[in-house]
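Chemist: As you go down the protein sequences, you meet chains A and F in turn. Just so we're aligned, residue 1 is where the first sequence starts under this note's numbering, counting upward by one. Just so we're aligned, residue 1001 is where the second sequence starts under this note's numbering, counting upward by one.
Incorrect hints may have been included.
Stated by the list, open to error - Calculated cross-link-like contacts (lysine-lysine; reagent style DSSO-like; alpha-carbon spacing at most 27 Å):
| id | chain 1 | residue 1 | chain 2 | residue 2 |
| --- | --- | --- | --- | --- |
| 1 | F | 1040 | A | 152 |
| 2 | A | 190 | A | 49 |
| 3 | A | 190 | A | 175 |
| 4 | A | 87 | A | 234 |
| 5 | A | 244 | A | 234 |
| 6 | A | 116 | A | 12 |
| 7 | A | 87 | F | 1040 |
| 8 | A | 49 | A | 152 |
| 9 | F | 1040 | A | 49 |
| 10 | A | 12 | A | 175 |
| 11 | A | 234 | A | 12 |
| 12 | A | 49 | A | 175 |
| 13 | A | 175 | A | 20 |
| 14 | A | 244 | F | 1040 |
| 15 | A | 12 | F | 1040 |
| 16 | A | 87 | A | 244 |
| 17 | A | 20 | A | 244 |
| 18 | F | 1040 | A | 190 |
These aren't lab readings, by the way, just hints derived from the structure by calculation.
The lines below spell out each chain.
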Amino acid sequence: MWAFFHKLGSPKWFYDISGKFLLWLAPITAILLIVGTVWGLFYAPPDFKQGNSYRIIYIHVPVAVLSLSGYYIMAIAGAIHLIWRMKLADVAMRCAARLGAGLTFLALFTGAVWGKPTWGTYWVWDARITSELVLLFLYMGIIALYEAYDNKVAASRACAVLALVGTVNIPIIYKSVDWWYSLHQPATIKFTEKSTIDPSMFYPLLIMIIGFYCFYAVALMLHMRTEVLSSERKTRWVQALVEKRD
Amino acid sequence: MYFANFAEAWHMAGHGPFVWVSYAVTLIVLIILVWWPLQKRRQLFDQQRRLLRINAGPQGQSSPATQED
């Protein structure tokens, strides 16, 4: 068990194994996203209330879901870094912050564009939307905090603490549509009861959610690989890689 | 396909602009998220290769030795 844990922290081991993963995960991601997009855009029936604007759901829901679960990934990586001082966890935390910022921006943007034909406005200071905006600021805060420190060891720890404190926001976002009277519609897919979505719309959505999760894994690995290479550039294994590519 | 033709699919009964802008911006952000680490990695490899050549080149042959001193 400890040998495995130790290996997990080894940058070279991570670089090798993630390279193999990417070889099959990247094509699967591309196929899922293309199939889901085409299905959602052209083959799924329109919503009887919202018409065709609802087709934004096929990106809005996956990116919004990932903006939340990506935060947990980042906070857990931060905790692992704080407790065991694992370097790779620190790298994962910082890369997850970048991806999270991008996905949270997309959730807000697609939500705003969807809001215009549905609610008649791009923006309202509604519980769900405002707490999602706070999430964007948290992600950007973590990126900015890391850059603000000259001492990168201290920077990583400060970021990890901020990431952990920020987890308070996640259940608030998730539950906001139930706790407050909100313009935002309640969850479409439920785990405990029957979903309020027809199978003909649900299958492409499911494909898109899985596709975006795969995309997240691919992008996270790509970011982490670059960070690992950069911090290990003086080591023999990276030098060997450079020579091999020559 | 749900739509009769591509013009109808493009128009989406008036919702076309909203749908297409969402998908376009998403595509751009996803491409940036993938392109950014790849291009940084290429830069890093280029830089390291240059350093390697300086150390291994005819003028630079003495430099590894001096580093060891």
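Chemist: Tell me, which hint numbers fail for this structure?
Modeler: 6, 8, 9, 10, 13 and 18
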